[in-house]
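Now for the letters of each chain:
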Amino acid sequence: MEAATQPMSTGGRPQLGRSPASRLPDQILRLGLTAIAVAVLALLAYFFVKLAIESRLVFEEEGILGFVFANNWNVAASIYGALPLVVGTLITSALALLFGVPVAVAVAVFLTELCPKRVRGSLTIVVDLLAAVPSVVYGLWAFYFLIPKLKPVEQWFADTFHFLPFVAIDSVPGPNYFIAGLVLAIMLLPIVCAISREVLATVPADLKEASLGLGLTRWEMIRTSMLPYARRGIVGASMLGLGRAIGETIAVTIVIGDSPILGHSIFGQGYTLAAVIANEFNEAAANPLHKSALIAAGLVLFVLTLLVNSIARLAVMRSERQSGRPISAGGGV
Amino acid sequence: MESGSLSADLLRPPSPRRRRTDKAMRALMWTATGIALVPLVLVLYYTLQKGIGALDAEFFTTDPTGNFLGAQGGVKSAILGTIEIVGFAAVVAVPLGIGVALYLTEYGGKGRLAQAVRFFVDVMTGVPSIVFGLFIYLVLVLAGTGGSTFAGWKGSAALALLMLPIVTRSSEVALQLVPNSLREAALALGAPRWKVVVRVVLPSAASGIVTGALLAVARAAGETAPLLFTATIVKATTFNLNQPMNSLPAQIFQDLKQPNDELVERAWGAAITLIAMILLLTLIAKVIQRRSRAKGAT
Amino acid sequence: MTRQTTKGAIDVRFRKTGVLLLLSALLALGVTACGGGSSSSSSSGGSETAAEESGGTETASASTEGLSGTISGAGSTFAQPIISQWGSELQEQGLTVNYNSIGSGGGVAQFQENTVDFGDSDAAMTDEEVQVAEKNGTPVHVPIVLGAVTVSYNLPGVETGLKLDGATVAEIFLGNITEWNDPAIEKLNPGVELPETAITVYHRSDSSGTTALFTEFLSDYSPEWKSKLGEGDTVKWPTGTGANGNEGVAGGVSQTEGAIGYVELAYALQNEFTFADVQNKAGKFIEPSLESTSAAGEDVKFPPDLRFSMINASSSAAAYPIASTTFVLVYEDLCKAGKSEETAKNVVGFLDYALGPEGQASAEKLDYAPLAPELREASQAKVEGLKCNGKPISAG
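The listed protein sequences derive, respectively, from chains A, B and C. Take 1 as the starting number for the first sequence in this note's numbering and just add one per residue. Take 1001 as the starting number for the second sequence in this note's numbering and just add one per residue. Take 2001 as the starting number for the third sequence in this note's numbering and just add one per residue.
Check before you lean on any hint, since a few could be wrong.
[Said to hold, decoys possible] EDC-like cross-link-like pairs, simulated, lysine to aspartate or glutamate; straight-line CA separation at most 16 Å:
{"#": "1", "chain 1": "C", "residue 1": "K2391", "chain 2": "C", "residue 2": "D2333"}
{"#": "2", "chain 1": "B", "residue 1": "K1023", "chain 2": "A", "residue 2": "E220"}
{"#": "3", "chain 1": "B", "residue 1": "K1195", "chain 2": "A", "residue 2": "D26"}
{"#": "4", "chain 1": "A", "residue 1": "K151", "chain 2": "C", "residue 2": "E2257"}
{"#": "5", "chain 1": "B", "residue 1": "K1023", "chain 2": "A", "residue 2": "D26"}
{"#": "6", "chain 1": "A", "residue 1": "K149", "chain 2": "C", "residue 2": "E2257"}
FYI, nobody ran anything at the bench for these hints, they're computed from the structure.
Could you build all of it, start to finish, from the sequences and the hints given here?
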């Protein structure tokens, strides 16, 4: 609609001399892209409106706050309080970001800067392959392989560091928040890594050379030039990764224990919003209240995603203001 | 990149402490990459070990029979179904996503429409795949749109919804990284805006856009949940997108539940097939990327 | 200079479309490659069939004799192997049966929404569920095979055949009994050396007909269970670990020393699990098996609409108490519910085959218990009562 944007506003002048006919493709492209944007907007808006309507029943029954913050999810008694699910989603996603993003960014830096040229291509593909593994395979692998292998380690950790908050637990159940977070970290790694890599690859060579030319070591160059330059892109990538973590269903369902009772330790078992939808949607179609509760769980996920996205956007803006230099080419947050 | 070290030599060498930090951080990156590879190797090894025995000619050339007492057949219909469903979804979602991203970076700016689109796309990244399936089920399946209840194209629709935000978001990141100076230079040379977009901006961002599209395809191809209630699970191969259609994830999902070792093995074999298909796609895209880069598009 | 850039850019554009072209070429290649293959391997009925399924389209009913075409069903995971098996046997006659095992709850829901030609559920529909379904016509329950739920455990040193009764199982799954050498278990198993291992409970986390049967059984024996958890496809488990599907519970139990869970009989038999003998109404501890499951169906009274439960229903001394039948759900007048005449015929043909001697024999081979004669006759009467626009249907 408003065509006036930063890069394009300069484009007005050279067009002055042009005949209307040669400006036609311009207009077609602009209108076409706008039309696509409007169409997608309409589709997405319809998506949300439809789901909002479908979930109304449970909000009427439980109240919005009651639905989100009540700590009781009991299908048999038709009580839908999603707090244990919300908390489970937050814990597992946070763990996933905590484990996954640093590794993913490190791998991306490694692949763009440090990796010997000969292996770079194949290594890139290998990391991308992580994205190709179906989530049910991750889930089953974790269930049959990871859980039994890590259980003693988790138990040791829980016993040794029992004084830390949310760590102590008598006996670590196989499936738990920690395992789910770990599996999600593995799943979001290729997404965050691939996009970060693309972003890092676009850091201008002169910027890097200037840093090195000033006598900085390779790491200092990475820290002071590359990472700040790519900051927005990396945050954007992490948000996509977070999306995957928040919304993952099948794998989490297999490894989190699916207990609608709030766990008191990161090694306790729990539930997530997405997993509850996966587990219960089969039967829910027959029960209007249950169905609307599950769709409402989906809506809560949107809100969570939105909150985290906004926080990330603010964080980027603030860090840019603090460092005093708006980085020119910013990936979208 | 390499020329950087040359100029660094011109100045005073960094202190030992700084050099140590440098070494340590480099080692850390190496380690991180190693760590990232561990689960991949383990998952792949586990999958291969479980499923390699299922792979034979019959596996690729016959449909599942459903027969528990005799020959159980292969997964031909699932392989083709996945290609059809995901292919159709990609044909719809990838151009749409790129279009939206182009609009956002080149025309939308900070306008209200652009902000609304960004808002919804952001939120959509966190929607669980299953919700897309439910949505399509509510809107298209129950309504019997197109004269069918469950149909392949409805599975595609659910997957396209899943892919759209991924493609849009990653393309947007890639497009915004195209330096403005490049755009301005082209405009200053008198190129019309559409030419700048098509011939300068898009090619410069091509690598990132393709990566994003591939990620989206890979993600969609492995999804079970949106398909169970849209394309469902069938046995026979079909090329009519308006019919219920089989797919690899759905077949895996179903076979894994069976109290029958052969079927469980077939499920793992199907997982290998799916991974291999995406590997193939990635390789093709890499080759194209490399060729376009070699000719100096970037 | 400008010319040069233009030329390069065009190349790039071509390359970009090249990606898409390649993708579509790949697709097309796959399509043609299999177009050739499918004629040989898949059935003759393959392509012209699914048009019917869409419901409305009235194809010139070319059906000459026998069955041809496609019918689709959805529901119980428990019944999936046998329905699939029948489907593969009927494929030879030209009928394709597609079955989506989304769970009993899903089967009921899809049946109510009329998106499938038949549903399947391990538990009869409740009155409310029937009411919802009635918008499409009168729903009919057709019992097809019998199954049972085992209480499986993993306790090294204790062979199969630990004796348990309903009350004790309920206490374990409520979390009130936490160790294997609990006096309550010891009392039931004199002479068995029970270790002091902690009990780890595994239960289904997905909505499941198996859970419905199991919780119905526990509710019968434990007032605490009945008031706190009730019965249903999903309940709020007070203890234990949730696992997805039979395979999840099975995996959990086999991985964990001291674990207990509930698994369908066919699954347990084929994976050679250790399971408990459960006390029945007559006070006997019965090992779950095909015979004891069949016995559970022997002197059960069933109502005219065949909506009945076999849990604790039989007074036979040989009956296993946690047994059930799986029901195929169809509308009495299939055509009024939107199915084509041919589909209606196919559904009837499918059910006739399933209830016939061949179908029941296949069931036994897959570790399902066949229906007792009385019940089979009642089921067959239901199938004969199915109609198309008011007229009886005669399968080919």
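For this session: Could you check the structure against the hints above and give me the numbers of any it violates, in ascending order?
Result: 5
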